[in-house]
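The C-terminal residue of the sequence shown carries number 465 in the numbering used here, and the numbering is unbroken.
Simulated from the structure, these hints should not be mistaken for lab results. For clarity, every value in this text was computed on a predicted model and none was experimentally measured. Glycine included, each C-beta is placed from N, C-alpha and C at the ideal position. Among these hints, one or two may not hold up.
Simulated DEER-style distance windows between Cβ atoms [as the list claims (entries may be wrong)]:
| hint | residue 1 | residue 2 | range |
| --- | --- | --- | --- |
| 1 | 456 | 326 | 20 to 28 Å |
| 2 | 112 | 188 | 17 to 25 Å |
| 3 | 109 | 276 | 34 to 42 Å |
| 4 | 14 | 67 | 19 to 27 Å |
| 5 | 114 | 67 | 47 to 55 Å |
| 6 | 112 | 453 | 44 to 52 Å |
| 7 | 276 | 21 | 45 to 53 Å |
The calculated lysine-lysine pairs, modelled on DSSO-like cross-linking and capped at a C-alpha distance of 30 Å, are [what the hints assert, rightly or not]:
| hint | residue 1 | residue 2 |
| --- | --- | --- |
| 8 | 45 | 114 |
| 9 | 188 | 110 |
| 10 | 152 | 70 |
| 11 | 213 | 229 |
| 12 | 142 | 88 |
| 13 | 202 | 169 |
| 14 | 113 | 169 |
| 15 | 270 | 399 |
| 16 | 45 | 224 |
| 17 | 152 | 270 |
| 18 | 202 | 114 |
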Amino acid sequence: MTKNYIAVDLGATSGRVILAKVSGEALEMETIHRFPTPLLQIGGKYYWNIYSIYDDIVKGLTIVGQRGVKVESIGVDTWGVDFVCVAKDGTLLGLPRSYRDPYTEGVPEKFFKKMSREELYRRTGIQIMNLNSVFQLYAQHKEGSEALDNAKSILFMPDAISYLLTGKKVCEYTILSTSALMDPRKKKIDKDVLDVCHVKSKRFPDIVYPGEKVGKLIPELAEKTGLGKVNVVAVAGHDTASAVAAVPALSEGFAYLSSGTWSLMGIEVKDPVIDDRSYSMNFTNEGGVGGTTRFLKNITGMWLLEQCLVKWRSEGKDYSYPEIARLSAECAPSANLIDPDAPEFASPTDMPEAICKYCKANGFAVPEDDAHIMRLIYDSLAGKYAEVFHKLEEIAPFKIEALHIIGGGSQNEFLDQMTADACGVTVVAGPAEGTALGNVMIQAKLSRKDINRFIDTKIFKPTKK
Numbered sequence: 001m002t003k004n005y006i007a008v009d010l011g012a013t014s015g016r017v018i019l020a021k022v023s024g025e026a027l028e029m030e031t032i033h034r035f036p037t038p039l040l041q042i043g044g045k046y047y048w049n050i051y052s053i054y055d056d057i058v059k060g061l062t063i064v065g066q067r068g069v070k071v072e073s074i075g076v077d078t079w080g081v082d083f084v085c086v087a088k089d090g091t092l093l094g095l096p097r098s099y100r101d102p103y104t105e106g107v108p109e110k111f112f113k114k115m116s117r118e119e120l121y122r123r124t125g126i127q128i129m130n131l132n133s134v135f136q137l138y139a140q141h142k143e144g145s146e147a148l149d150n151a152k153s154i155l156f157m158p159d160a161i162s163y164l165l166t167g168k169k170v171c172e173y174t175i176l177s178t179s180a181l182m183d184p185r186k187k188k189i190d191k192d193v194l195d196v197c198h199v200k201s202k203r204f205p206d207i208v209y210p211g212e213k214v215g216k217l218i219p220e221l222a223e224k225t226g227l228g229k230v231n232v233v234a235v236a237g238h239d240t241a242s243a244v245a246a247v248p249a250l251s252e253g254f255a256y257l258s259s260g261t262w263s264l265m266g267i268e269v270k271d272p273v274i275d276d277r278s279y280s281m282n283f284t285n286e287g288g289v290g291g292t293t294r295f296l297k298n299i300t301g302m303w304l305l306e307q308c309l310v311k312w313r314s315e316g317k318d319y320s321y322p323e324i325a326r327l328s329a330e331c332a333p334s335a336n337l338i339d340p341d342a343p344e345f346a347s348p349t350d351m352p353e354a355i356c357k358y359c360k361a362n363g364f365a366v367p368e369d370d371a372h373i374m375r376l377i378y379d380s381l382a383g384k385y386a387e388v389f390h391k392l393e394e395i396a397p398f399k400i401e402a403l404h405i406i407g408g409g410s411q412n413e414f415l416d417q418m419t420a421d422a423c424g425v426t427v428v429a430g431p432a433e434g435t436a437l438g439n440v441m442i443q444a445k446l447s448r449k450d451i452n453r454f455i456d457t458k459i460f461k462p463t464k465k
């Protein structure tokens, strides 16, 4: 018997509505509708156009409905930290701000005058980054944000989409765990942290966990899409949590690298790791499926290359990824590495220029052409992955026997091999659709053992020297 599920998978550059067909023999996933999730820059501020995103999701759902497919449920996952303010009458109070908005620059230092850096980490176990929800809330409070001041409810992005679909408000555990507002031990919002932001905890709905029902499609959408009153299920709302759920590992001795616009490298453990070492290394503790903790570090991933491609395309140069790999391989390894997480690369208008300026400012050889910029990005990412991987080896309560690369970046075999060589560990690449796969797994109540029957992976061994 075949059952159908819809995964709404929203990334920071594009979103997809995916139809998954699950039977005892196979799991098939079809991208029904793909659409951009562009940033809007208005008055020097960066926003997500949630109305456009919602409209594209409805288009995707409608295509499925027009096929006459009986759908069991719908699940929504997105990137972390960003949130939407909702008024007392249920309407959205404007567009949600984006984590790429520079309005949080310098905000952590101001926050730490009210609560120390050490105490915030001890309470939440989240690595300190400008984009954290806690600093966004603090920044909006200091700005005198009318949306925040008048919010009856605050919903993280996947919960906001589920709200638009069902009219029901929830606060999903894994997405909340990215915010630096939650005590990971008690799995509850830390009211003392919120007090510093002048926000009351009652503005956040009740916490739900992956697999719990949110509600049914509102009557208007049930009719418009042709799907009827389908259940919307809380999956792991944070896309990385969904992706990690789909890692095809059957033992605990693995690390993972979720590779996309962002790269997130970590291990899966039972309890949060919050101590002096994790604090000094600035690692983070986020919620996983089944009560696990994802102990990880955020790394700027393919964002650098993606933004270079935007610039090059504007100049009439439309490089394909296979071509990028070939051009990079033809270049000698980079003599120096850039830091992908440097603030200069957060949101430049011209990424190739930002990379060249960084090199010049640091006394590095400036890349002579596009190919050398590509190679520098790959070398620097592999180097950063190795740095984080070796720190994980120090902390992990088990021997790490393999690094699983999941997400779109797992298809980049050139970078996969570079990562295996840099880390000195076997790399298992795939599935590329890890996030959507994890989303569907949770809806269909599948296990990792089940998933292993449905996917293919590629193995990359460290090159012997």
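Results for each hint:
no.: 1; hint: 456 x 326: 20 to 28 Å; result: holds, 24 Å
no.: 2; hint: 112 x 188: 17 to 25 Å; result: holds, 23 Å
no.: 3; hint: 109 x 276: 34 to 42 Å; result: violated, 21 Å
no.: 4; hint: 14 x 67: 19 to 27 Å; result: holds, 23 Å
no.: 5; hint: 114 x 67: 47 to 55 Å; result: holds, 54 Å
no.: 6; hint: 112 x 453: 44 to 52 Å; result: holds, 49 Å
no.: 7; hint: 276 x 21: 45 to 53 Å; result: holds, 49 Å
no.: 8; hint: 45 x 114; result: holds, 26 Å
no.: 9; hint: 188 x 110; result: holds, 25 Å
no.: 10; hint: 152 x 70; result: violated, 36 Å
no.: 11; hint: 213 x 229; result: holds, 13 Å
no.: 12; hint: 142 x 88; result: holds, 22 Å
no.: 13; hint: 202 x 169; result: holds, 12 Å
no.: 14; hint: 113 x 169; result: violated, 33 Å
no.: 15; hint: 270 x 399; result: holds, 15 Å
no.: 16; hint: 45 x 224; result: violated, 34 Å
no.: 17; hint: 152 x 270; result: violated, 35 Å
no.: 18; hint: 202 x 114; result: holds, 22 Å
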